[in-house]
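Chains R and X, in that order, give the protein sequences. Numbering-wise (the working numbering), the first sequence opens with residue 1 and increments by one. Numbering-wise (the working numbering), the second sequence opens with residue 1001 and increments by one.
It should be emphasised that the hints constitute simulated quantities derived from the structure, not laboratory data. Note that the structure is a prediction, hence the values are computed from the model and not measured. Do not rely on the hints blindly, as some may be mistaken.
Unchecked claim - Between beta-carbon pairs, the in silico distance windows are:
1. R:Ile43 / X:Pro1251: 58 to 68 Å
2. X:Phe1261 / R:Met52: 52 to 62 Å
3. X:Gly1268 / R:Arg9: 23 to 33 Å
4. R:Met255 / X:Glu1104: 24 to 34 Å
5. R:Phe36 / X:Pro1117: 19 to 29 Å
6. R:Arg20 / X:Pro1073: 15 to 25 Å
7. X:Thr1173 / R:Met52: 52 to 62 Å
8. X:Glu1006 / R:Phe26: 54 to 64 Å
Cβ atoms here follow ideal geometry from the backbone N, Cα and C, with glycine treated the same way.
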Amino acid sequence: MQLIRNLGRSALHSFQRLGRGNLFLFHTLMGVPQLFLRYRLIIQQLYSVGVMSLTIIVVSGLFTGMVLGLQLFNTLQNFGAEQSIGSVTALTLVRELGPVLTAIFFAGLAGTSLTAEIGLMKATEQLSGMEMMAVDPMRRVIAPRFLAAWLSVPVLALIFSAVAILGAYFVTVGLLGLDSSVYWSQMQAYVDWHEDVVNGIIKSIAFGFIAAWIAVFEGHDAVPTSEGVSRATIRTVVHTSLSVLGVDFILTSLMFGG
Amino acid sequence: MQDNEEIMVKIRGMSFEYAGRKIFDNIDLDIPRGKITAIMGPSGTGKTTLLRLIGGQLRPTQGSIQVDGLEVPKLSHHDLYELRKRMGMLFQSGALLSDINVFENVAFPLREHTKLPESMIHDLVLMKLNAVGLRGARALMPSELSGGMARRVAMARAVTLDPTMIMYDEPFTGQDPISMGILIKLIHSLNRSLGITSIVVSHDVAETASIADYVYLVSGGKVIEQGTPEQLNHSSSEWTTQFMQGLPDGPLPFHYPATDFRDELLSGGRG
């Protein structure tokens, strides 16, 4: 009986949070149009959320590409198909790894930073202070951060994929002796702009929306204590990662499921 | 108490519940215009909650809260924010924005609500900072300020838009005697020179009573007693005497409600 009661309580709590999250998203989106008149707020956040994530995205993209190139070369060589490495690498990165890994890295770095920042602003009464100065924190604090995070993810995903393709090129062509023209020509021949690149960008736009929403919501919904903020940052990483992986499966089925 | 013209905040039959606990139970309260009104009571009686109710950050479960004739809980988002431009609030923590310096913190309301030229913002901010004695600290970040300095900056910020009313939430808590003296002087001079209606929430009896024109004592969700500091100091009520004189035990028990101590010890922790 106690088990059923706990399950019910847990389900109610989850639905309440989902409801709060949706209302929160509605209020955030209502604040977005006004931001185009105050574009400096977006630029500031694009810098702190997007530009500051660039290093980790470039470094992780480079190593992901290098590892991918090495593994694919060894495997495809067994079938005498190492010439197709350029196309396989590009398709894997542009369709899947670029958008998914970027969103997960972004959640771990910028997402947790946004959650902690907003959570601490709540804990130190900065958000309440703004309200009492007749400044709506949803418009002044939340909306610019949400929009900047959302816009950053697709751009970072493109950079991630481009750097990873260069990383794979460096390993397969530079170190393992694959012909450079084969690498690029295979990529040109088999990667379709609309089918692969545009679908990859659409995916990263969807993942950016999810990562941005979860990061700012968790910060705003955090219990205003040090432990509460700590738990909120953990939830940001876990919820974003799981949501991105789940949505990726749905989008892949719709886009490439035949 | 006074006629409507002289009352800035009028609370009637107001109740407020939070998480199933009744914080206020059908209270009536008037804050006179242009005076310093103190709301005092033991910790945890909802004094800060009362300020949030007046500022519209919380909605009462029932009853009416009027500020300057406007029914706060019924105001639209836009009208509430317009009303707040005429209110200032000093938070216990200062609530300064931690990523900008002292100057920018004080300039923040001006930048958000006015289109004044930069030179005018500069002069206005320096005037406000000078009034609280911190013009020289304008380049410091909030993390570099002492608790007393942070509250003085917050006070400068609270008066930047020339409000008609300021709410002070525990302004003296954790302050050294000098900082406390400065804050008392500032609250008093802001009220007397600019005629700002001031609500001071505090449990520092002597300090608050020294500047308050009128005092409400709040406990257990009710207004226990009200009057001038002089009247309360000579009150015949045991509760008021205990609170005003800081006696450790009395009608307000020293112990938080609990089961019988002897029974609890004898149960060996099984109860």
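How the hints compare with the structure:
Against the hinted window of 58 to 68 Å, the Cβ-Cβ separation of Ile43 of chain R and Pro1251 of chain X comes to about 60 Å, which satisfies the hint. Against the hinted window of 52 to 62 Å, the Cβ-Cβ separation of Phe1261 of chain X and Met52 of chain R comes to about 57 Å, which satisfies the hint. Checking the proposed 23 to 33 Å range against Gly1268 of chain X and Arg9 of chain R shows it holds: the Cβ atoms sit about 32 Å from each other. Take Met255 of chain R and Glu1104 of chain X: their Cβ atoms lie about 47 Å apart, and the range 24 to 34 Å is violated.
For the pair Phe36 of chain R and Pro1117 of chain X, the beta carbons lie near 24 Å from each other, so the given range of 19 to 29 Å is met. Taking the beta carbon of each, Arg20 of chain R and Pro1073 of chain X are about 21 Å apart, inside 15 to 25 Å as hinted. With their beta carbons about 37 Å apart, Thr1173 of chain X and Met52 of chain R fall outside the hinted range of 52 to 62 Å. The given range of 54 to 64 Å is broken by Glu1006 of chain X and Phe26 of chain R, whose C-beta atoms sit roughly 42 Å from each other.
Hint compliance for this structure: hints 4, 7 and 8 are not met, and every other hint is.
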